[in-house]
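So you can see what is in the structure, the chains are spelled out below.
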Amino acid sequence: MNTSELISHLEISTFQIQTYCIDSNVVALIRRCIRSIYTALIDSEEDNATAGYLRLELLKLQSTPDVPSLEMLANCRLEDIERNKNVWGQDIANICNVLSGAIQALNENESPLLKQLVEVVSIEIEKFDLIKIKIWCHRKEREAFIDLFSAHNIELTDHHFICSLAEYRKTDFFEVLVCIGPLRSQGWSKTPKAILSAPRYSKLIQFIWEGSLDEKEFGLDPVIHTKDYLKSFSQHDETITSHIQLDDGAVDNAPEEIDDFTFLAERPIKLSHENSCVLIEFLGGKGVLLVPGARQLIFDQNAGSKPLNYKNAHEVESSNFLLLHDVEADLGSNASNKVNGVIAPLWKRALSNMYNQQYSLLMRSMTLAGINLLDLDRAAKKWMQSGGEVIYGPQSWRHFQLLIKSVLPDCLENYTRRQAWQEVVDSRVQAIQDGRIESTIVNEQLVKELYSKSGYIKENCSNGDFFRVSINPESGLSGTVSCYPVLDVSIGFMAPPEKLGVIKKSIDFEIYRVDI
Amino acid sequence: MYTENGQQYEELPKWVLSMILQGYTWERERTPWKRRIGLVSMPCKSVAAPLVALGALIRDLEREKADNINGHFNALCRTRDSYLENATITNGIVIDSRGNKCEFYGGDENEITVINANYKKSVRRKGRVIPNPNGPCKSFITSDNARQWRLQGASAIEINQAGNALNRKGYQFIHGCGSSILSENLQRSYTGLLLVGDGEGKDTAYMKEIYAIGFQIEKYKVSLGDLLTLHPPINGVTRIAFSNKQKIDHRRNEHYLVIADGASAFTRCLPQFRNSDVLGVYSRDEPIENLMNITSMLGELGRYYTDQKDRTSMKPLPQSIATWFLEGR
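Quick mapping for you: the protein sequence lines, in order, are chains P and V.
At position 47 of the first sequence (counting the first as 1) the number is 47 in my numbering, and the numbers step up by one without a gap.
At position 280 of the second sequence (counting the first as 1) the number is 280 in my numbering, and the numbers step up by one without a gap.
Hints were generated in silico from the structure; no laboratory data involved.
BS3-like mimics (lysine-lysine), calculated; alpha carbons at most 27 Å apart, straight line: (1) Lys-311(P) to Lys-247(V); (2) Lys-45(V) to Lys-311(P); (3) Lys-448(P) to Lys-245(V); (4) Lys-34(V) to Lys-227(P); (5) Lys-309(V) to Lys-216(P); (6) Lys-34(V) to Lys-309(V); (7) Lys-286(P) to Lys-140(P); (8) Lys-208(V) to Lys-311(P); (9) Lys-306(P) to Lys-247(V); (10) Lys-286(P) to Lys-270(P); (11) Lys-306(P) to Lys-45(V); (12) Lys-202(V) to Lys-448(P); (13) Lys-45(V) to Lys-216(P); (14) Lys-227(P) to Lys-309(V); (15) Lys-202(V) to Lys-245(V); (16) Lys-311(P) to Lys-202(V); (17) Lys-306(P) to Lys-245(V); (18) Lys-202(V) to Lys-101(V).
Keep in mind that this is a model prediction, so the values were computed, not measured.
Same shape as in the complex, but just chain P:
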C-alpha cells in the first residue's frame, strides 16, 4: 500500500469504534480482592515480589483473553489459609478466600468477555470474511486467542494478528480490528496511537471490563496536540451485564472510583535502588533490562547492506536481533597485565610486615593518623596486595599521605610520597586506558568477524529463534555471541544495578515496572 492509497482511504472512509463494556460482578470482585491484598502488601513493605505478581495479574486481566486461575494464589503463596492468617492476619486471609471462590466461579462459568468476543467476531466474519478481520494483542497472547477461537470452530492463523507497530505498518487495508482492554499508548498493554491516527481498517471493536478507561489523549496527534483523530470516528458503546450468583458474604457491588491503572500508579512498589532502564523481551518469555542509552549490538534484517549496528537500548526494534556477547580480545600477555611498580613494593612490604607482626599497632596508628575508614583491616589487606592490573592503594591522596607519613615512616628510601602516589595514579589511568582500548578492539573486531559470518547469521535470523555464534579464535577474539529475537521493548522500568544485563523470565522483571 502506498501513501496516496492510504491518504485516499483516510479521506473517503467512515470509521467506527464499537466498545463492549462487560459488567461482571465476579471480575469486579476479583479485581477488588487483588486491590485489597495488594494494598496490604504495599503498606507492609515486606513482600514486594508478591505485590509485583499481584500487580501483574491485575494488569493482565485488562487485556488478556485468559481468565485468572487458582495458580495465581499459589504463585503468590496465598493459597494456604492458615499461613495467610498467621502472616497477614484474619482480614487478608478472608479476602484470599473470597478471591479463591471468585476465581473458581469465573472458571466454572464462561468468561462473559470471551463469550461476547466470540459472538461479535462470528458476526463480523459473516459480514466481511475472516481474512478481513485482525486482532491486536501482545504476541504472548496470540496462542490464547487461537485456542479460544479454535474451540468455537474459528481457525485463526498468524495472519490474523497484529502485535507490533512494525507489523501494523506493513498491514494492508482490512475491515475490522479487534482489541481487548483500554486504549493506552504507554505502559502495560500499550497500543500505538497510530491505530486511531492512521487507521487501516473501518471498524475498531474494543472489549473492556467495566471500570477500565481509555487514555484521555489517545486520539490526539502525538506532537500536534490540537489535532484529535478520534473526531473522525463515530463511537458506539454497549454495556453487557453478567452476574453470577456468589456466596452472600462475597457480594459487594460498590463500583470502584478509579481504574486499575490509576490505582496502581498511586501505590507504586517501593524499590531501594533506582536505575532507569528498558525491558527488552525475547521470544520464549525471556527478557533483559538495559540502561536506555547503553549501546547494543543488533542485527537488523531490514537494514540492507549493513545489518550489524550499534543502537541505544531504547531504540532497539521488535524485528531486530539483540546480540549479547562475552567476547574478549586476546591482547597477549604483556607487562601491563601485572603491575607491581618500582616504589609500591617498598611501602607494601613495610605495610605487610607491620600487618603480620604488629597488627594492633598498625590499626591504632591508622586510626590516630586520621585514616577514617569503616573497615581498616579490609583496607590494609587490600593495599598489601601485589600484582593485578593496578597498584592497589588508598583511594585518596590524603589517606595515602597519612599512611606513608604517620604509619609507615621512612619506608620509601630515596623516593618522595608524591612520586609514590603518582605511581599509583598512573597505574589506574593505564588500567582505564587498557580497558577502553580492549573494548574498542572488541567492538571493531567483533563487527568485522560477524560480517564474515553474516550469511550464517541471516539464515538463522530468518528462522526467528534464538541462536549462538562462536567466534573463531584466529580473529584475536574469544567467546560466543548470543542472538536473541526481540519481541518487544518497553520503557518505564527502575531496577537495581545487579538486575541489569541479566537474562531472566520477563515476568520476573514486572516488579520493576514503574510506568504502569
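Following the hints, complete the assembly by docking chain V onto the known chain P.
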C-alpha cells in the same frame, strides 16, 4: 501524470500538491529575521519531506541570487590558504568546467594560482631523482572566472554548456508554481536548502523510495530524485544539499531552510542549525518514544516561539495530514 511505486495517477494527488506547495510558499508572509519551525504530521512513512523540498527548490529557481556564486572566490581563497598550510588535512584539488583537475599552488587575495594536478615535482634522470626541470603549467583563478572552478567533491557553481542545464519543464507541472523560473538558475548550483534524511547513495532504501516517485509532463518523464538533483552528474548542477541525519555535525550552518525527514532527523537538526528555519516531517506510526522527543524539545523552546495559526489554513490539506508552524518571538 504522477507515479508512485509503479502505480500511475492521471492527476497529482491532493497530498502531493499540498506538500509541494508547503515548500513553495515557505518564504511567503514571514518576518525575515525571525526563525521559523514547522512540523508536518503524516499518517505513514512517505516522501512528504522530499516533496516539500521540491516545492522550496522550485521557489529558489525563481529567486534572483539563489546561487552559490556570491562568496565562492573567497571560499576558494580560504581553502587554498588552508591547503598550503597543511596539505594533509585539506582537499587541494579544484576542477574547471571542462573537467581538468588542478592543485592549489599559490597566489594572493586577488588571484589563486593552480597547477595541473598531474604535474610531477620530481623526475628520474639517469637513475637519479631530480627536481622537474620543466615548470608546471599554471592557471589563475580570479573573482571573475571563479564560477568556472569547483572544489573536488563539490558541485559545479555554474555550467556553461546549456545541454547540462536543468530542464525547466520538469519544474512546471503545477499551475502557478515555477512559472517564473530564471534561466541562469537552471545552470547554477545552490545549497541554501538542506534535506536531512536516511541513506545517501542512490542504492539505499531511502533514496530508492524517492526515485520511485515519478512525474510526467507531456512526454517528459522525470523522477523526484532527479528533480531534486540529489545525485547530479559530474560537473552537473545541484539545487539542494543532502545530508544523512547521522552526519549533520559535519555541515556548516549556511542553509536558510532545513527539511528534516523523520522525528529523529528533526530532533537532531533543531539544535544543530540554530540560524536556519527547520521544517520536520514525521510519520505518526513512528515509535512513540521518537515522537515524544519532539514534544519535549518543543516544550523547552515553546516560550521563545509563537504559534502561526493563520499559516496552517493557507493551503487545503487532506484531513489525515496536520501541520504546526512556530515563529520566533
